[in-house]
Amino acid sequence: MSCAIHARGLRFTYPNGVVGLDGVDLHVTHGERVAVLGPNGAGKTTLMLQLNALLKGEGELEVAGLRAGEDVRELRSRVGLVFQDPDDQLFMPTVREDVAFGPLNRGCSREEVEDRIAEALAAVRMQELADRAPHQLSLGQRRRVAIATVLAMRPSLLVLDEPSANLDPRTRRELMELLDRVERTMLVVTHDLPLAATLCERAVILSAGRIVADGPCPDILGDTDLLAAHDLELPEGFDLGRVPLRA
Amino acid sequence: MSGLNQTGIAGDPHSPIHRLDPRAKLIGLAGVTLVAVSTPLEAWPAYVACAATLIVVAALARVHPRTVWTRVRVVLPLVLFVAVFVPFVREGDPVDLGPVTVSEQGLATFATVSAKAILGTCSAVLLGATTSFPDVLHALERLRAPRLLILIAAFMYRYLFVIVDEVSRMRAALAARGYAPRHALQAAAIGRVATALFLRTYERAERVHLAMVARGWTQTMPRLNVLTYTRADAIFVGALAASLLSVRVIAA
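Protein chains in written order, with numbering that gives the first Met the number 0: chain A, 0 to 246; chain B, 0 to 251.
Derived by calculation from the structure, the hints in this document are not laboratory data. Note that the Cβ used here is the ideal one computed from N, Cα and C, for glycine as well. Any given hint could be a false lead.
As the list claims (entries may be wrong) - Partial list, computed: chain B residues near chain A (C-beta under 10 Å): (1) D134; (2) V212; (3) L223; (4) L226.
Next comes chain A alone, as it looks inside the complex (with noise of 0.2 Å):
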């Protein structure tokens, strides 16, 4: 496995005519965490399904090892998608069976899978409400076991679609400290840029299906004339000086 994602050329037009990328090169390495941004209907979702076999583009693509179409199953369980709406991903009654889904479908032994829920349990801090159904947790909670969901398949590369979306300011801190936490390479979708500069060192601007700059997090998000460009901002008054940078 020589990298994390490796495309070249990747195009993919949807049935209906609308192109939702055209032509996207993205090289990124073992380790990395990289933030996709770009304004809506940029091909962000496009990207991220490309990423596990839920969509079939043309051009190159090798993901964890695996070229386009070659182990779907063993590629599914390598790379871990965390949807927007935890709503979608949690559809089982119970937080410790949704859990147990992916390791389940992967055939793993019981005892095996019990590890595997404890592990992903305790990387979100959810052991205590196990056995709550989803309906009972709060979004923020929804959102935590959503990503414990993927990392019981314990994937090498996690791909994430707009983690904060709708979370208050504190739930929003809690969850980048415990993504911050996650030893993965990690593929970041976000309009939350200040999340972006926190959690990734480098980042991507995917605009209309390509991507137009690539670059260390602090000069993307430092150019305002690129972000606007691609309908992007700032918060006002978020310093990019005061962010606690990663090496």
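Let chain A serve as the given structure and place chain B on it in line with the hints.
Frame of chain A, contents of chain B only:
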């Protein structure tokens, strides 16, 4: 939506009834209904036996009569509403009841239908009070009910709360803009709400499916907990079957 935010379990969750295998409870309580439904009026002691059994089960599970009553109240009036017309419609020997005259055979039918309805409803309510809905589905799956139906029921249960929340938000949004229908023509807005809700639900279904596939779904629902049919379960089902069937046979 506090009324919906419950698992439905009532009584003491650690009672011997609650701890039984859901299959045993499903078979046992469906059996009570079956005996009640198959009993004619002449074999009325079987009704008494069924009622006694349900009372014993409720007492063991420590389900309060008030809980049973509040739940039965939801279903029973609909069933009895149909039965209440039978004495007036059915032909037979006339019986004078003050201002109205009813037929004797009709009254007999009304009595049996009511008894069957009450017993059937009560045993369903007791099943619901002692077994969570996912457990009932798990039991049905193990008893070889069609997988697809179980899957549909499971998703209905999971997303009911989500959809109810969406409906109440949409209603609030309508009310906030002064929507207070006074005549039928103004109901058009409700139709649009229903359409929007259908589309949202459809889109959600697609996203849920993607999320399932992303975690390696293989067309069957994996089960974390294994059901174990123990001696207590066999005794429960055996005791119910022996007592009810013997009363039913002797009374007939």
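Index of numbered hints that the structure contradicts, given in increasing order:
Violated hint (a single one): 4; every other hint is consistent with the structure.
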